[in-house]
Amino acid sequence: MNQLIFIAKKEIKVAIRERLVISLGAIIILLLGVALYAGYISYRQQQQIITQTQIEKRQEWLNQGDKHPHIAAHYGTFVFKPKTILSLFDFGLDAYTGTSVYLEAHHQHEFMFRPAQDHSSMIRFGELSAALVLQVLVPLLIIFLAFASFTRERESGTLKLLMSQGTSFNTLTWGKILAYAVMLVVILLPFLLGLVLLSVSHMSYDVIPDIIVRVAMLVLIYGLYLCFFIAFSVWVSLRSGSGRNALLTLLTCWIFFAILLPKTVANLSESFYSLPSMREFKAQIDETKRNGLDGKTPRSVRMANLKKEYLEKYGVDSVQQLPFNFEGVSMQAGEEFGDQVYDYHLNNLREIFHKQNQLGSIASLFNPYLAVQHLSMALSGTDTHTFIHFEEEVERYRRELVRKMNQDMAENSKYGEFYGYKAGSDLWGEIEDFSYRVPTAWQLLSYYKLELISLMLWMALTMVLLHVANRKMKPIHE
Amino acid sequence: MNRQIQTLIRYEWKTFVRNKFQLLLLVITFLFGLYAIYYGQSEINAQRETINAVTALETKEFSQYKGSFTTEMENQTQEQTQDIASRPEYAWYRHGYHAILPPHDYAPLAIGQRDLFRYYYRLTGTSLHYQLFENELANPVNLLTGNFDLSFLLVYLFPLLIIAFCYGLFSSEKESGTLALLQIQAVSIRKIMLVRMAFYFVLITGLAIFISLIGLCSSGNPFTEENMLPAIAWVIGTTLYCAFWFGLLFLIISFKKGSAFNAISAAGCWLLLLIVVPAVLNVIVTVKYPLSSATLAGLTRRTGLENEDDEEESKEVIMEFLAHKPELAGSDSLMKNNMLPKAYAAFTTLKDINSQQEVDHYNDKVAKRNQWTSQFLWLSPAVNMQEILAEITQTDLNTFLDFQNALADFHGKITDFYFTRLFWDRPILLEDYEQLPVFEMSEDLNRGNIIWFGLGKILIAAGLVFLVGFFRINGGIKK
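Taken in sequence, the protein lines are chains A and B.
Using this note's numbering, count along the first sequence one by one with no gaps and you end on 478.
Using this note's numbering, count along the second sequence one by one with no gaps and you end on 957.
The shape of chain B in the complex, shown without the other chains (with noise of 0.2 Å):
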């Protein structure tokens, strides 16, 4: 480093030491970065408690109907418990598994949508349409506002630091009369504020990270592997986040215009990228896609069969059931026991089957829109950040989407463990306890790969904007 940059280093932690302001705003900064963390934190654990709840609810109802088998009946409870436990005729209907969604680690930096979609479900083996479209408890007027949580401190308030800090690096100068004497120095006047520029990029950028390391940290161990990757991505983030707003500043300093001018046009650059391009797009996808949950409405509706003491039609509806799944058709007594919980059975499948095609063609309107949505993150890096913070965090929609695609085949693990039994009419047995259905999710492959791309995208976003400046600003100086 020669001793030009040296001075100018030096010169520029002076005049930064003591600026009050400037110093009392990081502190706000970073104030506000402990709330966002513990914000993120309390909200996600309230989830993490919610899950522990229900799964202990699941544990009590199974051990209960483990325990049913060994213990002696002395009551009517005891045997009704029984009759559940081993029936399957009680059981398929009766007995509730949790597909659960936990949080990964980082949630809490980032809650995404996390809020808005149901983390757990507790599905038995009736339809799966009628059980999967509740909502969770939330107030609507806090989902609209949404988190104050750290992703939402790097992608808004970031930026507004950095243009407080930078709007006026070079009018400054004008407007107080010292330009003349800088220009006049052996140092050209691009390279005076490339050094400042750095200088407060590596402060503010650096406290970003501090802070997210902080929460990094916090929220779970950045060297476990599953959050090793997801870690550095993020601190890549922040970086390049900040990079592109400097890089931005760096251009609209490069048209060396007075400091309202500048403090205008960043604070309308920000407008546009966080507040307008969003917005618009929204509304356009909401035109341009439009989706109506009516039509799904009707799925939820509980019906039956028209007379349960009509055997042809029960023989009907199993048949019809039966052509789906020929392999559950060879019993003896298929049509001598349980006819009715068979036909049941049978009727709320065939009911899942002949909607599923509605539930596909909705999921995959909503795909479209994503898929729509996404092309446009280009136009915004403050949107694409977003999407990638949340996409780390496993919070976005996409994660959302595979949750409920996972879901659907659990509750066909469900359905074939009790309908097996209970078209073959075999009993449910201690030993079946140690087979019951488990639920599982693949890990998005597809995941990093968009957090890579998305991360390339920013970067050629700050460079495109740096260089721009970098041409600019040796212009018409020489005035």
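Extracted from the complex, chain A is given alone in its bound form (with noise of 0.2 Å):
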């Protein structure tokens, strides 16, 4: 043990004397203040105005006047994606997911606005979030203090020295880890304290309900990826000849994990999965409304069927008998039924989606940076899972929304006499006003299986790699 620490701490006073590294410690270090300090300004910013529009658009729905619920209905209003706290540690999607929506009757609008549509194409080359410094600029800091670990003491000719001592390599091995594991410690210490400060000073007004849970598992999943690398490196160093061979293969292996293979997988998924282009989408839809889910029942001959169902159920011979206005009860049949269609194809939407992200998760077990990519979106709330749960809520509201003004209309307004009734600000007010959770941790969690497999095998292998080869590694050289 004594001789574990021992190692370690000559290896610290090795690093610090390079000064490429202690520079390179500290742009990460600076990187991810700058990071933390603009994701912070930035989420502020957003959450500042999206949470003042949604109150004007709530006083505009409450202070609308008197009219009649279908116009209300058509009036509608409009949600805005809320910024999680987290969001300012990980951007994830939020550049590339619409912000808001329209909600309105018979229209499922798509969401509106792409950030990244604000921006010059430099966009593309990605965001500074801290989350971007943890996945691709400190595993290569990572690299670059640990690629000499061993083939330094070789080509000195000190491993000699150390074995002639009865140092094993399991101690040396585990002493270097421990001596890199402590130095990114130190690293990252300031920004971990800043992050937790942040999020936990902003739990209680936050769409995140588990933020505890939520960092934690945050430290932990990027504390395995971390870890992974520096074990990853040692075992390179361990095994190759030369510095520079060492340097090499690692520097290939991240480009590999972190340049090529997210993009060839993402347009794999492309190329294998087509989307159909927003106007075919809407055709789709407009056409089954049109001819019915089974393509041969009009509209005419459904209308047809609803009024005969409710002449027989209340026995009587024309709508204007019914005790409550038949126009109301057609109009939300109608809507339930555009409700049905849509969900038809929306489903055969996401399911496109799914498959086209699936593909990612599976690569994510070949890549432990997709994997950890994918865990601290869906951490941060900024994932296409948490997305979609929006999406999902959002027209759950919408759909409550159009049915309390259908089933006012039939109560309250007489059939034919659409411009007779109109309601007012009473009716207005018992629509709750729109406020989002996202789901827990746990919840999300479900979704990313291979990702946390991915992340657990990866480590395993590196222990297996690295035991095996202390065991096998020889002090001399041949």
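Worth flagging that the hints you see were computed from the coordinates, not collected in a lab.
The reader is advised that the hints may include incorrect statements.
As the list claims (entries may be wrong) - To give a feel for the contact side, a few chain B residues facing chain A, derived at Cβ under 7 Å:
no.: 1; residue: L509
no.: 2; residue: L594
no.: 3; residue: T623
no.: 4; residue: P768
no.: 5; residue: L857
no.: 6; residue: V861
Quantities reported herein were computed from a predicted structural model and do not represent experimental measurements.
C-beta: ideal position from N, C-alpha, C; glycine also.
With the hints as a guide, bring both chains together as one complex.
Printed below as a string of structure tokens:
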């Protein structure tokens, strides 16, 4: 044990003597600081505008004056995608998902405005976030730190000396790993504290209910990922003949993991499962609405059936004799049919998205970078599944709003008197304001089993490799 | 070419051919290049198919209208079609025109922002802003990851190839002990390094140009008028960009450190120029020019007259609108026929006029952001190169902003066409279909300047790093 600590101490001393490593560490700290600060400012700016606009829209809804409920359902309202406090850590898909949606009767509008559209094509290089630093840059720092861990000892002949002192490869390896881990902790600690402070201080009014669990999980997952990189780099160094080879091998792996594979996988998924264009998607929906889900029941037939059903049920001859306004009922039936059609087509579309993303999940088994990227977005509440959940909540809210309007129309107005009836602020107030909570971390993580398995597997694999190498290694160079 | 240089090149050729790893690297890069071209073409072809489908829909719609003038009316649907075709009170919000931004022939080589923005719109005479802000379907995960197109290969991967080939040019001699032998030759180390660099420059840049030519020729005919200059700019850009990275490597080598140092510094430069600088600039611009589309969202609300039965309200709205368009005000039957459609037409137009300021304000902010970032393009030749390639293939932000401006003009033409008929109570005749509004977008005259100016910056950067390296490398060798 003493020996282990001794080795670790020596390794840290050597590293501190190298100006390159010190300056790289300083750059990382600086970048993390900038990322956290900028992330926070941008979170505040966006959150402020969103909250404010949301309040404005709510007022507009409440104060829209007296009008027919169906007109109110068309007047509708807006919902804006809230920022999560953890989005200051990982922007995730925030720049590429739409940010606002218009809710009205009959139409499921798509989310509008992707923030990336307000940038030049430089945005495609990525935005500086703490997640980017941790996922991409820190592994590189680890590589620069550790590539020479064994090759240097070997090239300068100190390895033999160490061995003759009775140090085992095992102690040496773990001493070095410990040293790099300690250095990383020192570099990352201020950042970690900042993140925890920021997220805890915003806990009470954020859309994330279980922020502490999420931060803890983030720390754990990034810890695993970075430990993997340390162990892997030391292993490569252990197995390499020269520092130059070790460095090249590690850099190649890094480029493959962080740059090449993610793009290739995304592109392949796009080629395998192609998306329809918006025009086609809308045309399909219109087509089904016109001719029914079976393709042969047009609207007129559906309406006639509905009318017949109600007349028989209440034993009357005409819709005017019904105890409520049939228009409200038929309006709601039309709405529900429209929802059914939309759900059908949306599910087909989601299925394509799902297949595309599934390919990424499978690829993460071969690439720890992808695994961490997905998990990090999920825990920060900026991933696809959170977005889909949000979309579903919004759609549920819209349907409830329209249903209430139609119900009111059926109960309180008379058949054929569209302009005769007006509802007022009492009815508008019955619709609760939209509020959103993201699903819990555990619910989200259930979508990311492959990613979790991937991290475990890579960690285990590296441990096994290290173990085997430690046993087989001979101090003397042949 | 003198004997020394010939010997040096022959020697370099031999070492290059013997190194199976380097050969493999080139082959892999070449295959990646083919894949990138294929991928880009398949993406853009999918867009072309959508455009064709959309155009076909429009042609069908309008041929129905035209046909309804000559066919005998037998059923209700035909009557409806004729009403829509000939009566402006129906036609103005039903006739849909497509405004299309067709991809440039070379768009497959640098997809740029084309996967992010809409490249076609269906416009009717109703409120422009109601129709403008819908997104195209896309998987946000894939948008975030970006495209593996030829520009990615050139901008990201070729520098790595150059680093892999050149980082050890000097240090490997030092490490294998042959440096001393080189130093006692009559040729200077500078000259040896220059010749070796030049050898790899020709090799790798040659490969880059070769792949580019495959892309350029398979994506379009480079000899047509609109493709010629872009093709030339592309090839020049590729050459200059490679030259910059060779210059940078030459500078790193001139420090005459070990292989590991060279590799780390080269990788560090790559990281700085391709990841750190753009990422920092992006985050600064987001914070410095905060933009929230939340302010625009309200414009898309579908609103109508307060009370459609109230004629006074309709009249007021129409009068308010006519103050903006006095030329539509002359008809005797102005307030007699089609009050409601006229009021609605007036209403949506007024709404557009009132919200135009907000949209302009927003677009100004986007333009400001764009302007701010472009000031800093000299910081990273890599980002600069990417912007230039997007500019060449017309997939850059400015093209899409121009497209949106052109949309507004086009919408103006559409409303003019229908409103003159609606407010003057004139039916739409068959001959009117010969002069339907047509979408036009003028050529961006500044494009050439931006491209050549940007290339100039890369040239300067390349020259700078090369010169510093050139003067450094001879110092301190005598040790």
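Cross-check of the supplied hints:
1. At a threshold of 7 Å, the smallest CB-CB gap from L509/B to chain A is about 12 Å, leaving the interface hint violated.
2. The restraint placing L594/B at the interface with chain A holds, with a minimum CB-CB distance near 6 Å, inside the 7 Å limit.
3. Taking 7 Å as the C-beta cut-off, the interface hint given for T623/B holds, the closest approach to chain A being about 4 Å.
4. Proximity of P768/B to chain A holds as hinted, the smallest CB-CB distance being about 4 Å (cut-off 7 Å).
5. With 7 Å as the threshold, the beta carbon of L857/B stays out of range of chain A, its nearest partner Cβ sitting at about 11 Å, so the hint is violated.
6. The closest approach between the C-beta of V861/B and any C-beta of chain A is roughly 6 Å, which is under the 7 Å cut-off, so the hint is satisfied.
Checked against the numbered hints given earlier, the structure breaks hints 1, 5 and satisfies all the rest.
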